[in-house]
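These protein sequence lines are chains A and B, in that order. Residue numbers for the first sequence follow the working numbering, so the first one is 794 and each next one is one higher. Residue numbers for the second sequence follow the working numbering, so the first one is 6 and each next one is one higher.
Check each hint, because a few of them may be wrong.
Derived pair list, reagent style DSS-like, types lysine-lysine, alpha-carbon separation capped at 27 Å [claimed, not checked]:
#: 1; chain 1: B; residue 1: Lys13; chain 2: A; residue 2: Lys913
#: 2; chain 1: A; residue 1: Lys1087; chain 2: A; residue 2: Lys878
#: 3; chain 1: A; residue 1: Lys913; chain 2: B; residue 2: Lys125
#: 4; chain 1: A; residue 1: Lys1175; chain 2: A; residue 2: Lys978
#: 5; chain 1: A; residue 1: Lys914; chain 2: A; residue 2: Lys802
#: 6; chain 1: A; residue 1: Lys1252; chain 2: A; residue 2: Lys1225
#: 7; chain 1: B; residue 1: Lys61; chain 2: A; residue 2: Lys913
#: 8; chain 1: A; residue 1: Lys914; chain 2: B; residue 2: Lys61
#: 9; chain 1: A; residue 1: Lys913; chain 2: B; residue 2: Lys9
#: 10; chain 1: A; residue 1: Lys1225; chain 2: A; residue 2: Lys978
#: 11; chain 1: A; residue 1: Lys914; chain 2: B; residue 2: Lys125
#: 12; chain 1: A; residue 1: Lys978; chain 2: A; residue 2: Lys1087
#: 13; chain 1: A; residue 1: Lys925; chain 2: A; residue 2: Lys802
Keep in mind the hints are simulated off the structure, nothing from the lab.
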Amino acid sequence: MEKKSGELKPLIISLLAVGFASVFPAVFIFCQNADEMRFSEVASIAGLFLMIGYALLAIIALLTRNISSAAIDATVSVLFVSNYKLIQKLVCLVLPDAKYWHIVPVCVVLLIFLFVLLNKKMRDDLPYDVTKIICFVMAGLLAINLIPAFPKMHQQRAEKVNARAENAEGPNIYWIILDECASFKTMHNYYQYTDTTMRNRFESAGFIVSENSYNECGNTDIVVTNCLNLSYAATPEMTSAEWAALRINPPLYQTLMEHGYSLNGIGDTAWLNIDSATTSEKMEGHTVEGKGAKDLLLENTIFYPFFQYTGTEAASILQNALDYMDDSNNFVPDSSSFYLTYLCLPHQPFLFDKDGNAVSPSNYNNWDDPQYYLGQYIYAMKRIIAIAERIVRDDPNSVIVIGSDHGPRFNNAIPYAEKTSVLLNVYVQGRKIDNIDGASTLNALRSILNTLFDCGYEKLEAETW
Amino acid sequence: MVSKKSSKLLIGLIVCGIALSVYLAFANRIMLSFSELPEVQEGNISQFSTGREVHKALDRGEWLGGLFEKYYFQGWAFCETDTGNEGKYAVLIFKNSNSDHCYYVETPGSFRPDVYGVFKDRFNIRGNMHGIECQFSTVTIPSGEYDFFVYVKENDQDYGIVDMNMHFVKRGAEFVSANN
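Using the sequences and the accompanying hints, generate a full structural model.
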């Protein structure tokens, strides 16, 4: 019995030492930002490090047949894995042309030599003593970081509850503009693409799916400016400076502000005169470079090249906006908020395939082969449907307009008139309202404002340029 | 007297050391062979002959970094031509600022109907493949300073090279435009 407890103690100390060392980086990042983030944001990374730590412990213990020695080796290995980037930076100070694939194998070989040497030279009882020291030091470090973080965590929760209570007012309005997004009809007729699931998911969520909506022309500036003006104020004869002037404090914004709405931009909305929440410096819980807690943790590890973002800036703007809309923490239901999202998607450049993977740059503007527009369209719709379902679930009293300005313009198989056929899916608090099916985006917005604020807008006769 | 076990260990260590050294010497090439990026080649600027005037613009130059230290170019370039240009391609050339030695990467023309639309009335421009959309690895480009040229080959008769008046600096893992 005594012998058994004597064997168990080194095992427990070893497990604790490796466990504490493994989760420390995630706990440290969380504790430093406890007022801005939840532990769930770093929990998966903490779990990953823990698994790596214990896997290393098991392998080394099998090789050395000494759990305490294995714990020391595993702890050093975990520290190497989680702080690899620092080592690479130091090496590159001396050898600037050294790459990841040079440094990693050399470090691994050196670590193996170090472990063999340590295991041979250390006297029998020393590994257990060292493991105990590691365990206590790591436990101390965790405690030092965790104790001051608890009040911050509580404060964050209280602030969020208060924000919801203070702002609870009118229904939120989400208007998502997908530039160059074809209607379901266009996709069926000219891309031979029919996905009834997409349409069904919109309808099941309570959306009105308009099959025959057309806008006045194929120019984004004109169509969106007219929507903001709630009239056909912008015409093709005007200059782009005149269109821009019409977007300064337009009637749509005025109407919303008169009803106590706040204006919020997502994606590329600077040209629509609304600050975007997804420009990197404004993303809550992110650094000025737009990095979240997970990015900060992974970018220091040996796995950093596999998680590093190496897409173009254009792709990054789109992904940030989509991810932002996907996160319910960024929205407060029924808070009289107007969210205007503009995404240059599925507009060229064709950056994503249907699964969101990068497309070869030589095909960024390839309209000749329809697979590139189609791939980006499918990816955009997959993400947007998921976002629409999330909004309906979290904010069922809201109004959502998902529409495009025009269809795919550079597909020569599509006649000009059909290029102005647009996507228009509207959700109005789960209700069915008239005048959406077959309406232009402009008329749909007028109908929605009538429903919400009783504005008395008449239906405008369709213009075509 | 060295024991048999020790001598075996020593031979093992020497073999491993040699294998590691060989790997390290060719590691860049080995790793790049796993990427889908176009190959950056070494050469001399004189191999790209001057012919016709090149009309060009650089829309975007972006350091993407990552494991393969990627750089991304977006722009367009063309020479006037009377004959077909189905196999049109462009070459992005980084010439060492102190010599004629250069590193270059070939890229096929990409679809840019807007370029044709703007220039069709002013120049003898053919087709729509005037875009340059290229991502390449800068791993094999050594640290130093480089001038940026673009060579365009419409066909065997019509080609040209142009100095983009841009200067790049390769420093460690970074490749940046000194004009920024």
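These are the hints, each one checked on the structure:
no.: 1; hint: B/Lys13 <-> A/Lys913; verdict: 19 Å, holds
no.: 2; hint: A/Lys1087 <-> A/Lys878; verdict: 15 Å, holds
no.: 3; hint: A/Lys913 <-> B/Lys125; verdict: 78 Å, violated
no.: 4; hint: A/Lys1175 <-> A/Lys978; verdict: 17 Å, holds
no.: 5; hint: A/Lys914 <-> A/Lys802; verdict: 23 Å, holds
no.: 6; hint: A/Lys1252 <-> A/Lys1225; verdict: 18 Å, holds
no.: 7; hint: B/Lys61 <-> A/Lys913; verdict: 66 Å, violated
no.: 8; hint: A/Lys914 <-> B/Lys61; verdict: 67 Å, violated
no.: 9; hint: A/Lys913 <-> B/Lys9; verdict: 20 Å, holds
no.: 10; hint: A/Lys1225 <-> A/Lys978; verdict: 22 Å, holds
no.: 11; hint: A/Lys914 <-> B/Lys125; verdict: 79 Å, violated
no.: 12; hint: A/Lys978 <-> A/Lys1087; verdict: 41 Å, violated
no.: 13; hint: A/Lys925 <-> A/Lys802; verdict: 10 Å, holds
Of the numbered hints given earlier, the model fails hints 3, 7, 8, 11, 12; all others are met.
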